[in-house]
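Q: Each protein sequence line maps, in turn, to chains A and B. Just so we're aligned, residue 1 is where the first sequence starts under our numbering, counting upward by one. Just so we're aligned, residue 1 is where the second sequence starts under our numbering, counting upward by one.
Wrong hints could be hidden among the right ones.
Here's a subset of chain A near chain B, in silico, CB distances under 8 angstroms, partners left out [as the list claims (entries may be wrong)]:
id : residue
1  : P40
2  : S43
3  : A72
4  : L74
5  : L76
6  : Q104
Keep in mind the hints are simulated off the structure, nothing from the lab. Every residue gets a Cβ at the ideal spot worked out from N, C-alpha and C, and that includes glycine.
Here is how the chains run, residue by residue.
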Amino acid sequence: GAVVSQHPSRVICKSGTSVKIECRSLDFQATTMFWYRQFPKQSLMLMATSNEGSKATYEQGVEKDKFLINHASLTLSTLTVTSAHPEDSSFYICSGGRDGTDTQYFGPGTRLTVL
Amino acid sequence: GQQLNQSPQSMFIQEGEDVSMNCTSSSIFNTWLWYKQEPGEGPVLLIALYKAGELTSNGRLTAQFGITRKDSFLNISASIPSDVGIYFCAGQRKTSYDKVIFGPGTSLSVIP
């Protein structure tokens with residue numbers, strides 16, 4: 001159990017367009033989901049904490065108007081990169097935790113390339 | 001802010017050798033986690049540690065939660081080619097609802 005999926009797995013878009021990435025917990029409910037960004041050869045950096053039914057909490061330096069997060073249900077959180085630029089090209093990974101455990105389960109990631 | 005350090009940064013070892021890597025923090029964590037990431041994939045949880053001093057094994061992997069709660073190590077015995085990847089340590093201050101802070105990773109290469 002504890003499977004997290006992401007869609008799409010890869011996306012290429014033009015500069016200035018918006019891209020939506022979905023994160024789903026397939027076999028558990030996740031009250032809280034997290035969004036991370038990973039640049040090549042670097043570690044995962046937390047962008048924001050997404051809480052079902054409430055506003056996301058963003059880490060310092062992450063623009064909330066650029067990275068829109070919606071946690072509409074206990075199994076779905078979405079990240080929308082608005083007006084994407086080449087510097088937004090990265091690997092975006094989400095995670096979620098099951099109630100009563102201390103373990104975060106990660107999705108397979110979404111590779112975003114902005115031309 | 002909270003920061004994790006991992007050593008070594010990279011390792012090249014012969015198949016069959018044992019591997020040891022560690023992770024230190026400037027602050028206390030109540031949960032220590034070890035993940036493995038392969039190219040183009042998300043991190044996969046290897047071992048989770050919840051108690052200071054805890055020693056936990058998962059097959060050929062063994063990890064320990066340091067007594068000071070500021071460090072952890074991961075050992076891999078009898079390495080095989082499929083052990084190749086980047087190993088991240090990570091810490092959580094509180095529960096599954098708390099954010100996971102990742103270390104910079106240790107890149108492991110196994111020479112057949």
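Q: Under the constraints set out in the numbered hints, which ones does this structure not fulfil?
A: The structure breaks hints 1, 3, 4 and 5; every other hint is satisfied.
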